[in-house]
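Guided by the hints, dock chain B onto chain L, whose structure is given.
For the protein sequence lines, the chains are L and B, in the order given. Heads up, this note's numbering is the position in the first sequence plus 375, with the first residue counted as 1. Heads up, this note's numbering is the position in the second sequence plus 375, with the first residue counted as 1.
Note that these hints are calculated values from the structure, not bench results. Keep in mind the model is a prediction, meaning the values are calculated, not measured. Fair warning: there could be bad hints in the mix.
Copies of the same chain look alike in the list, so a pair counts if it fits in one copy or across any two.
Only pairs whose alpha carbons sit at most 20 Å apart, straight line, appear in this in silico DMTMM-like list of lysine to aspartate or glutamate [as the list claims (entries may be wrong)]: (1) K423 with E516; (2) K423 with E441; (3) K578 with E527.
The residues making up each chain are set out below.
There are 2 protein chains.
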Amino acid sequence: MRMAELSAESGVPVATIKYYLREGLVPAGELTSPNQAQYQARHLQRLKLVRALLDIGGLSIVDAREVVRAIDEKAATHELLGAAQHGLFVRGEEVDDEGRAWAMGHIEKIAEQRQWMVQADDLYVKSLVSLLCTLRDLGQERLIDIFPQYAESADAIAQVDLEAIGDLPTPEVMVESAVIGTVLGDAVFIVLRRLAQQHASRKMFGTGDEEPSA
Amino acid sequence: MRMAELSAESGVPVATIKYYLREGLVPAGELTSPNQAQYQARHLQRLKLVRALLDIGGLSIVDAREVVRAIDEKAATHELLGAAQHGLFVRGEEVDDEGRAWAMGHIEKIAEQRQWMVQADDLYVKSLVSLLCTLRDLGQERLIDIFPQYAESADAIAQVDLEAIGDLPTPEVMVESAVIGTVLGDAVFIVLRRLAQQHASRKMFGTGDEEPSA
Chain L
376 MRMAELSAES
386 GVPVATIKYY
396 LREGLVPAGE
406 LTSPNQAQYQ
416 ARHLQRLKLV
426 RALLDIGGLS
436 IVDAREVVRA
446 IDEKAATHEL
456 LGAAQHGLFV
466 RGEEVDDEGR
476 AWAMGHIEKI
486 AEQRQWMVQA
496 DDLYVKSLVS
506 LLCTLRDLGQ
516 ERLIDIFPQY
526 AESADAIAQV
536 DLEAIGDLPT
546 PEVMVESAVI
556 GTVLGDAVFI
566 VLRRLAQQHA
576 SRKMFGTGDE
586 EPSA
Chain B
376 MRMAELSAES
386 GVPVATIKYY
396 LREGLVPAGE
406 LTSPNQAQYQ
416 ARHLQRLKLV
426 RALLDIGGLS
436 IVDAREVVRA
446 IDEKAATHEL
456 LGAAQHGLFV
466 RGEEVDDEGR
476 AWAMGHIEKI
486 AEQRQWMVQA
496 DDLYVKSLVS
506 LLCTLRDLGQ
516 ERLIDIFPQY
526 AESADAIAQV
536 DLEAIGDLPT
546 PEVMVESAVI
556 GTVLGDAVFI
566 VLRRLAQQHA
576 SRKMFGTGDE
586 EPSA
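Just chain L, same shape as in the assembly:
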């Protein structure tokens, strides 16, 4: 199909598709004349993925390109799972040595309980250090006490996630499914957490016979 059809089919404006092409998010079409390219179903599929990563996953162009690259290079599954949202929660703010040591103490305790291997220079571990220090800074250290239970749920979900992709037919499909499941799965989980909180909150604080809040 031509660019105009690709745009009509995907609902993405032509100018935006051109931008994605320039940024390397969508592969180039096959040139059929000097200024005419043809696009296939795989371009349409990729375009949908890019939209989902940017709009729903909230990824930056740079992070989305990293994810797309990982898919194209058929990165090892356990590397690939890390490609999405790398660095998302590590902000420029400095964490001092005391804060880092304090946070690492909490993280290592959780890792030991769950038998996770963690290293202080891992980007996710750095993110956690930064988050824990922020919570302490906000006077919410006590929330940290519930994170071992978060980790237990995270383990349960990761198990299900891996089982869901483990039996897919080809590495390409597996990798794409892993990325989508990771990025969109975050969004799904966050929304489910809100619904579960509404439910728990109604049970705990509500009168029990009120209308569900809109």
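Chain B only, in chain L's frame:
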């Protein structure tokens, strides 16, 4: 303290603090002369909260103002829990009637299992509809099969979340803790999910004796 001290203490530039004041994210200081205001510890605390909501929670100014307003008005706890990230995953994209009916079928099944009350016009339910339709559009319907297990974990986490705030001394502290726990808790959970995936992935696909990936 004066504006300059508030800036030094919080690490937030004066121009940014002024912007937050104009946007109603931080309450005005007490005027001690026509162009001199004094700020208290509560301003510093609010400033830290706003930074966390914007930088780590990734909230827009409008959403952050909504959260701050909910705290100030001491919204009912189970309303308040909904204030953060409202509308985050509902994008402008239209979902057609067939898609909505299909997605609601899945959502109602999950809600029934978990005894949640859900209504089609709830913002979170709309978000889920939009997410499920996106997954189907990307050819990943099969991922939807694992969401009942996500919902089970979401219930476990919501229970812990509510217990953690249920015994706090005052409504103000409870509300603030609920907001921070919800917004920053999302980030913490997402990072823990990645660590758990790395662990599960190494067990399933790795050789078992490799170095943990950085």
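Violated hints - listed by number, lowest first: When the structure is compared with the hints, none of them turns out to be violated.
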